[in-house]
Amino acid sequence: MFNNFKISCFLTNFILIFGTIIIIFPIYFCFIASTESIQNILHGKIGLIPGTQLFENYLEILNPEKNILPGISIWKLLLNSLITTVLITIGKTVISILSAYSVVYFDFPFKKTLFFLIFITLMLPIEVRIVPTFQMASNLNLLDSYEGLSIPLIASATATFLFRQFFMTIPDELCEAAKIDGAGPLHFFWDIVFPLSRTTIAALFVILFIYGWNQYLWPLLITTKQSMNTIIIALTQMISPDGATPWEKVMGVAIIAMLPPIFVVVFMQKLFVKGLIDSEK
Amino acid sequence: MAIVTLKNLKKFYNNQQILNNINLQISDGEFIVILGPSGCGKSTLLRLVAGLEAVSKGEIFIGEKNVTNIEPKDRKIAMVFQNYALYPHMTVFNNIAYGLKLQKVSKSEIIKKVKFASEILQLNEFLQRKPSQLSGGQRQRVAMGRAIVRDPNVFLFDEPLSNLDAKLRTQMRFEIKNIQKKFNTTSIYVTHDQIEAMTLADRIVLLNKGNIEQIGTPIELYTKPASTFVGGFIGNPPMNFIPGEAILSYIDFNKCHKTSIVGIRPENIKISHDAVDKKSIPFKFEMLEVIGHESLVYGKIENSNISIIVKTNTINNVFNSRKLYISFKNEDIHIFKKEDNTN
Amino acid sequence: MQKRVIFNSKLLPYLLISPQILISSVFFFWPAILAIWQSFLKEDAFGLSTEFIWFQNYLDIFFDNNYLSSIFVTIIFSFFVTLICLTASLILASLVYKVNFGKIIYQTLIICPYAVAPAITGVLWFFLFNPSIGFVSNILQKINILWDPNLNENHALILIIVAASWKQISYNFLFYLASLQSIPKSLLEAAAIDGASSFRKFIDIIIPIISPTTFFLLIMNLIYTFFDTFGIIFTTTQGGPGYSTTNLVYKVYVDGIINLNLGSSAAQSVILMIFVSLITLIHFKFVEKKVHY
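Protein chains in written order, with my numbering: chain A, 1 to 281; chain B, 1 to 343; chain C, 1 to 293.
It should be emphasised that the hints constitute simulated quantities derived from the structure, not laboratory data.
Nothing false has been slipped in among the hints.
To give a feel for the contact side, a few chain A residues facing chain C, derived at Cβ under 8 Å:
1) Ile15
2) Ile24
3) Ile27
4) Gly44
5) Ile118
6) Cys175
7) Ile262
8) Val265
Simulated pairs of lysine-lysine, DSSO-like, Cα-Cα distance not exceeding 30 Å:
9) Lys274/A x Lys201/C
10) Lys142/C x Lys45/A
11) Lys142/C x Lys249/A
12) Lys98/C x Lys6/A
13) Lys337/B x Lys7/B
14) Lys274/A x Lys185/C
15) Lys10/C x Lys104/B
16) Lys101/B x Lys10/C
17) Lys57/B x Lys209/B
18) Lys270/A x Lys201/C
19) Lys182/B x Lys107/B
20) Lys10/B x Lys10/C
21) Lys112/A x Lys10/C
22) Lys182/B x Lys130/B
23) Lys270/A x Lys103/C
24) Lys103/C x Lys185/C
25) Lys111/A x Lys10/C
26) Lys323/B x Lys258/B
27) Lys57/B x Lys10/C
28) Lys98/C x Lys270/A
This one's a predicted model, so the numbers in the text were calculated from it and none came from an experiment.
Beta carbons: idealized from backbone N, C-alpha and C, even for Gly.
Excised from the complex, chain A in its bound form (with noise of 0.2 Å):
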């Protein structure tokens, strides 16, 4: 019993190690070719370590100088991502908030009508509406703005829900309190709510940094102008189909373009697999 003990222990941490290694291969393998001449990596002679061109690459993909695309640096691109993806983010969240708590500390009259026509926006993801709604977007003056790159991606109804359900389990005596003290619902609100609400931004913030940096369909149709481009666009923009993707830079590009999101993910793991779980309850 004991050397089953040990074999499966043993089986367990193989497969374990085997699947992962799958799973990382891709983004080790991109930090590989980053690393390589254009030269070796067009004959196929690129192994599993890393190889000697680290510095020049990313000094080349890196130096402002320098344009990866024409007409844009990489810093301008990753700017445009991160206004995009800071806009997005506070955005959703900022109106999110304030239609849960107008659904569960208020009653009004249509507030079930209301309430369901949130819920039906959850049935309609931007990829089935994607047409008119860039048609919508060029008849207000969106294109090339940093507006119409964020404001149609931010009323979707997750973020709501989310909140909706955190509030529920507020006690009713906290608001009970709070106005025997004297707070009306907009002090309730900026005073107790929002401030008990801190892990629920947090989790949603990783899950909302990701969706708005990793957006593709969208910004590929409101941006016309190479400079409001986002790097995800770009990236895809670098490989050329007749074959003179300088494919070194590409890869170093893509490892830069996937940092920030690792990053958030990685450095907020509790709190994003919480709000992950909890959102979907």
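Add chains B and C to chain A, keeping to what the hints say.
For chains B and C alone, coordinates are given in the frame of chain A:
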């Protein structure tokens, strides 16, 4: 520092009547306890006085002012909740100060008031801690501190000791009474625990299914219960109820008829091995519980299904047979009309 | 859904909920209505005139081979991705649940793909499987498999299936792990006393108890393969060769933006909307009424 008057209060909720015709006048500085079993409407009544719920019919006056339609914060009341309702993310100091901050009291004045309350409640060393770092009793004191600084006309207590263990409950009971006496503020205290009611109240309001059964001092409720409900609720173990016709032949009491219900408290029953006189009722012994100095004897009146509990001194009584006799004095008998039996 | 304690303000709740309603109206409801309207129209090549043609667009779609093939592609794609994700993530989650040491390290590494953008995922796998310079392609050539997703439709499908599964495993893994961790230990102990082996415990107790999670993930994976895989398809195969890796959503994009057939694209969008609504309704009906033990 105010008289509280409740006039013809009624409360409905979804077509169900929660409170019916509540009339009560509370004097300045009085400690009133609203007592009753779960679901009798006592918490609802308190919340009506607080303004946390609206009355369906009737009026509430605090002092001269008709507060029936006024917001809680303008009624000059303070409330201590069963679950303390402390703001978990604020320090003890800020919890107590929150109401004052909203009233835009000056910072120095706030510090003065909070320190004053903290001194009385011995919270000085906890002022910078958060509620999660405090024990149950400490949290309850913070809740009281929050009430004290409001300098209210009426203190409202909603079963504040229910969440504490027995020993702590006794201690906190004492502190609450002391504080109330010190500030001499009119207080309304809700509980289902009759011991709290008996020890704290100047007067008790006993509620049953939304109706007032009796209002009186603790002793009045104990010695002169107005109905079988009151008789059965006050006193531990509860009063025994015997149909009149079962013991008419034994007791010589002209107020007792065949249709009456006779109430007699366990502590007022004498138990003996022999029939002392014709007043002794044959009693079949079933079980004995020894609680130290006292014992509880459980049994039935011979040849009947009527259960009786007797409280007696352990030392003086040893029961070595099953055939016993019980007797009691006329002055300890309570007579109730049969219609009163609404348990 | 109502708390007992509320505030009495009349105007404030409307103000609080209005930003969300406003943005939803402008960017959700109005475009959805436009899509429905457009699906009944036919525009000429220059966009100069529009003709109301009732359900003609819908009929045309159902007789369009490319549309039917995209339904087929969608089904195959969703089926395999879901299958791979559910099994692989359940295995990994069970092992991480069981392992004695290194849980955090495994979890940290396994959730990384979640953070990678679909578009980048596509680029990475495109690079790995590139017929001329891909690492995996080279290995495949050495064992005499002529790998070419640019020409071979099956290879293209395999490529997007692998890429999409890789990315979604993290999500499935996290939910399965949480589900496993919430199983009361006492149930497993009772089973052990009853004489169940590890294998039996897994089949008879664990799998039924986590079935709500499985059902939930089934729906989420479906939604994922429909809607969140655009970036992957775009950067690996562009829906090709031909239409062999074009799923329903990709086709909406192709017809609407590239082919400029707005009526058809709108009709397809409407069909998808109906489909998503059904799925969401099922989700809420069944997940809210959880299968409880």
